[in-house]
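Based on the provided sequences and hints, a complete structural model is requested.
For the record, the sequence lines run as chains A and B.
Per the numbering used here, the very first residue in the first sequence carries number 1; after that it's consecutive.
Per the numbering used here, the very first residue in the second sequence carries number 1001; after that it's consecutive.
Keep in mind that the hints are not guaranteed to be accurate.
[As the list claims (entries may be wrong)] Restricting the straight-line Cα-Cα distance to at most 30 Å, the calculated cross-link-like pairs of lysine-lysine (BS3-like) are: (1) A:LYS266 with B:LYS1081; (2) A:LYS188 with A:LYS118; (3) A:LYS133 with B:LYS1008; (4) A:LYS234 with A:LYS217; (5) A:LYS389 with A:LYS56; (6) A:LYS266 with B:LYS1092; (7) B:LYS1092 with A:LYS217; (8) A:LYS444 with A:LYS410; (9) B:LYS1092 with A:LYS35; (10) B:LYS1019 with A:LYS213; (11) B:LYS1008 with A:LYS56; (12) A:LYS217 with A:LYS56; (13) A:LYS379 with A:LYS410; (14) A:LYS457 with A:LYS409; (15) A:LYS133 with B:LYS1019; (16) A:LYS188 with A:LYS213; (17) A:LYS392 with A:LYS410; (18) A:LYS118 with A:LYS56; (19) A:LYS379 with A:LYS460; (20) B:LYS1081 with A:LYS35; (21) A:LYS188 with B:LYS1076; (22) A:LYS35 with A:LYS118; (23) A:LYS478 with A:LYS444; (24) A:LYS457 with A:LYS478; (25) A:LYS266 with B:LYS1076; (26) B:LYS1076 with A:LYS35; (27) A:LYS133 with B:LYS1092; (28) A:LYS299 with A:LYS266; (29) A:LYS343 with A:LYS213; (30) A:LYS133 with B:LYS1076; (31) A:LYS409 with A:LYS444; (32) A:LYS188 with B:LYS1019; (33) A:LYS410 with A:LYS460; (34) A:LYS217 with B:LYS1019; (35) A:LYS343 with A:LYS392.
Hints were generated in silico from the structure; no laboratory data involved.
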Amino acid sequence: MATGNFETTIGLEVHVEMQTNSKLMSPSPVHYGDKPNENTNVIDFGYPGVLPVANKGAIEFGMRAALALHATVSPFIRWDRKNYFYPDNPKAYQTTQSQTPLGTNGYLDVTLTDGTVKRVRIKEMHVEEDAGKNTHGADGYSYVDLNRQGTPLIEIVSEPDIASPEEAYAYLEQLRQAILFTGISEAKMQEGQMRADVNISIRPFGSSEYGTKVEMKNINSFNYVRNALIFEEKRQAEVLRSGGVIQQETRRYNEPTKSTILMRVKEGADDYRYFPEPDLAPITIDDAWIQKVADELPKSAGDRQRDYVSDLGIEAYDAEVLTQTLAMSDFYDATVTAGADAKRAANYLIGDVNAFMNKHQIELQDTQLTPVHLAGMIKLIEAGTISTKQAKQVFEAIMAGEEPESFAKKNGLVQISDPAILLGWITEVLDNNPQSIEDFKGGKDRATGYLIGQLMKMSKGQANPGVMNNMLLEELAKR
Amino acid sequence: MSETTISKSEVAHVANLAKLAFDDTELVQFTTQLDNILNIFDTLGEVNTDGVAPTYSVTDNVNHLREDVADNWHQKQELLKNAPLEAADLIKVPAILDGEGE
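Printed below as a string of structure tokens:
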């Protein structure tokens, strides 16, 4: 996007925590929200003499991400140490791949707000370790929790193909969805499971050389990324217009002022003194292994949307809503597989179930609803066993974990469509209301309304209204 | 064979990366010591390595991997005993505010 006479160049490095069972180099559990340092051992604390062994599951999750982003999976990986000294990592190095990224040359096709599709190239992808969490106290001390230390990350490095803060936002949102549908991470922003390092430069239109990059690290909100970039675009343009020079520096986004603040000026490149990790065996990845992982890779959101529209007759918009999360889409598939009418299942999930989740502020997987119960209720409606009105009560019950059919029976929420039973009621009501029959024959339509009211009362609301209405008209005609 | 040498400014740079502060006497002392160590490493240069592929690992192990199974060794209390300071199960360290992690 143009800011005055300048064009903007943005590159993003996104880190996503992969939800494996154990850490990348140690068997400590990967679990958010536990007591500080609960999930740590000598390996996570970086004790001398420990011999870490890499987690096969983390490599395979990394391969899933690479495949989902159309990257080439490297046939050979060896580990490198990226050295840095900071209390959030007691090993004083991060285990990563600098020379042999797990994935290279991928891309993500990003749909922009005007509907055009922009391909953002992915330069490389690394499987590496997350660091622990530092909390700065007001007492001159920092407090370190190493539960997160060693959690496997997939780092996704884009080419500088992004031309505006809006494009960066769209890229991040769609990257998140692509990752969600690999099943490797829920990418929960509020838990810091997805964070972005951002670099941005501007240059006069037509210039063949990029401007000087400014970097911002570890931003964990897409909105903050967008705001930070909007501010930087303007700031850098003002510096250049007033004849100044952009310094290579690291800045920090400050939400209250929606501005960026200088942290440090960079003199020369970062010096991480990478060297090959001597304690870990290299990894070779053959085609059979890649194929195995590809077979396990869940279908992408785009493919699911296409199939919902073409195979199940779902509206495109509804298909989009159903594929906002992998959990929702999987739930929908399971509900349809369990025999539910596809459209009705979609309507319930998009409408009532979503409303329930919003009201209680919970995720689908944290409700007590199961696909079998939802399908069960929908089948009861489809079969005419319960009315859509009765279904409201059944819905509340299945949201509380009850089995729909037994709940309906137990509570008398059963619609009666049996003609023999209905005929008995109709005959009785007609015999008791000769005046209404006269009124009906005299052309007073509302007479039937009164009769139906009587029948509903007699059936305690259980008569199937459609069937009963037709039978009543037939019986009236006979009198 | 020329001798590998390390300069005082390189030692100062690496010390800075490692967040270590040396005074000038220490800097001279460590530069001399590191220089001597590197000279010993120079012995390796006497071996003819033409046509030998770089070695990244001293074993022939490939794909030595662990299944993704969590196992908590419950070492927290012992590990915290070895932390310089500890408070509420957290490791307490002097605040470093100028920089950031990696």
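So, going through the hints one by one against the coordinates:
1. A:LYS266 with B:LYS1081: It is violated: about 38 Å lies between the C-alpha atoms, which goes past 30 Å.
2. A:LYS188 with A:LYS118: 25 Å, holds
3. A:LYS133 with B:LYS1008: 35 Å, violated
4. A:LYS234 with A:LYS217: Distance of about 19 Å is within 30 Å: holds.
5. A:LYS389 with A:LYS56: 52 Å, violated
6. A:LYS266 with B:LYS1092: The given pair, whose Cα atoms are some 29 Å apart, holds under the 30 Å limit.
7. B:LYS1092 with A:LYS217: Distance of about 24 Å is within 30 Å: holds.
8. A:LYS444 with A:LYS410: 39 Å, violated
9. B:LYS1092 with A:LYS35: 16 Å, holds
10. B:LYS1019 with A:LYS213: 26 Å, holds
11. B:LYS1008 with A:LYS56: 44 Å, violated
12. A:LYS217 with A:LYS56: Measuring from Cα to Cα gives roughly 29 Å; hence the hint holds.
13. A:LYS379 with A:LYS410: 17 Å, holds
14. A:LYS457 with A:LYS409: 19 Å, holds
15. A:LYS133 with B:LYS1019: 19 Å, holds
16. A:LYS188 with A:LYS213: 29 Å, holds
17. A:LYS392 with A:LYS410: 15 Å, holds
18. A:LYS118 with A:LYS56: 34 Å, violated
19. A:LYS379 with A:LYS460: 22 Å, holds
20. B:LYS1081 with A:LYS35: 17 Å, holds
21. A:LYS188 with B:LYS1076: 27 Å, holds
22. A:LYS35 with A:LYS118: 43 Å, violated
23. A:LYS478 with A:LYS444: 17 Å, holds
24. A:LYS457 with A:LYS478: 23 Å, holds
25. A:LYS266 with B:LYS1076: Violated. LYS266 of chain A to LYS1076 of chain B sits at ~38 Å, over the 30 Å cutoff.
26. B:LYS1076 with A:LYS35: 11 Å, holds
27. A:LYS133 with B:LYS1092: 12 Å, holds
28. A:LYS299 with A:LYS266: 43 Å, violated
29. A:LYS343 with A:LYS213: 50 Å, violated
30. A:LYS133 with B:LYS1076: The given pair, whose Cα atoms are some 16 Å apart, holds under the 30 Å limit.
31. A:LYS409 with A:LYS444: 37 Å, violated
32. A:LYS188 with B:LYS1019: 34 Å, violated
33. A:LYS410 with A:LYS460: 15 Å, holds
34. A:LYS217 with B:LYS1019: 21 Å, holds
35. A:LYS343 with A:LYS392: Distance of about 17 Å is within 30 Å: holds.
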